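Residue numbers (our numbering), protein chains in the order written: chain A, 1 to 228; chain B, 1 to 245.
To be clear, the hints were calculated from the coordinates, so they are not data collected in a lab.
Please read these numbers as outputs of a predicted model, since none were measured by experiment.
In this text, a Cβ means the ideal position worked out from N, Cα and C, and glycines have one as well.
Warning: the hint list may mix true and false statements.
[Claimed, not checked] Label pairs and their computed distance ranges (CB to CB): (1) B:Glu-54 - A:Leu-63: 47 to 53 Å; (2) A:Val-76 - B:Gly-136: 27 to 33 Å; (3) B:Pro-3 - A:Phe-56: 35 to 41 Å; (4) A:Ser-31 - B:Arg-137: 56 to 62 Å; (5) A:Asn-67 - B:Gly-65: 46 to 52 Å.
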Amino acid sequence: MYFLGDSLGTALALLLNLDREVLTTVWTSLSVSFGAILAAMVVAVPLGGVIALREFPGKRLTLTLLNTLMAMPTVVVGLLIYGLLSRQGPFGEHGLLFTPAAMMLGQIVLAVPIVAHYTVAAVTGADPRILPTALTLGAGPLRAMLRIFLEVRFGLVAAVVAGFGRIIAEVGVAMMLGGNIRGYTRTMTTAIALETSKGEFAFALALGLVLMTVALLVNLFLNLLQQR
Amino acid sequence: MTPLYELNRIEHRREGRTVLAIDRLELQPGHFYALTGANGAGKSTLLHLLALLERPSGGELRFDGQTLPGSNHHLCRLRREITLVHQAPFLLAGTVADNLAFGLKLRGLPRRERNRRTLWALQTVGLGDFGERRVGRLSGGEIQRVALARALALRPRVLLLDEPSTGLDESSAAAFEGLLAGLRDQGLSLVMASHDRALVQRLGAEEIRLAEGRILGHPLADSTSHRLAVSGSSLCLNPSKMPGR
């Protein structure tokens, strides 16, 4: 008990003293994940909208694929992208491996199926009168889809928040594609894994507390949206 | 005069089932038509085709002498000549004025003209001071009237109405009839789906009877002899003359 209590005290002291390394690690995590979720949103929201609104051959298969990709283990995503970005891989010449850009790419791949899936759910659950109303008022197909997005905006924000929750807490992609380089690609999750293995429990706990706070804020925001 | 709509050998299918089969139908501009028939007769489906929201599965539909264009862009341009007020209208999120502004913005109208038309349309349906009201706070009858105002503000060549008096109380329905009669007298092309044949006769509309997706009779010989003049309604509906397009 003393060990846990002492570690918690040290962790809080690190946070209150704005420890430089803790701040750098938190900043790396947040900046990579924010960048990834923004990019994923640009791809996944229109993709989800098209899947929801269009009838096309293979639609069921596409939805099944999305569901499967949602549950894809992060280390598998890391492995696949590692293969693409490593020196022997097709994109090795760009030197992206072990950079924040590589981590962002992996997190985009993780987030797109989640955001797209929840977008499909939000648009499918939208009032079916929105589309004919927008069309009869003179909107083209694109404007009509944007109007549907506007009407289900809370569902779309929930989709993005759910995607962010997944990628901020993942460790596989960040470890395999970032390499856990101190001050460069070290994120909260990879730092927690490393520092715990080194016996630096208090440092890991400090980051764990920040991560928990972020997760709590994300969930509070999601609950707030669901109540609207 | 070029007919407003020409339908030749129209067949429309949904889920493999024929829901509409019309050998030939011509609708003239400036007329008031009423589609009547029981539930499932095909009234709403025909209105959707006339609103160009759906393409018929087979046959030829002409609007103003033109066949339906292949591209969505051109179809959208043609569709802007027509507005459909649905049976249970959907109001977009925001205020009443936002709803009226939506279609006007799509047509690129400047703010001043948008405001002018919004005020005129809301006054026409007796909701002149409702512009800033949130749509979530409207009653069923008010929603119906805002939807009509939203359509009128666009100054369409054709106004399509799907069971427009459904959900209205007695006084609102009477005022609504007065408004429709006013629009009819201004020469607006109107097509209304209704199961209420008495209403159709009171408004003097030319009746097109549908049953199981087919036309039974068109028009009724005596349909124009029962015109209605409603005035002094408690709702102050004011079918003032529609300004030029």
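Query raised in the report: Which numbered hints turn out to be false for this structure?
Result: Of the numbered hints, 1, 2, 4 do not hold.
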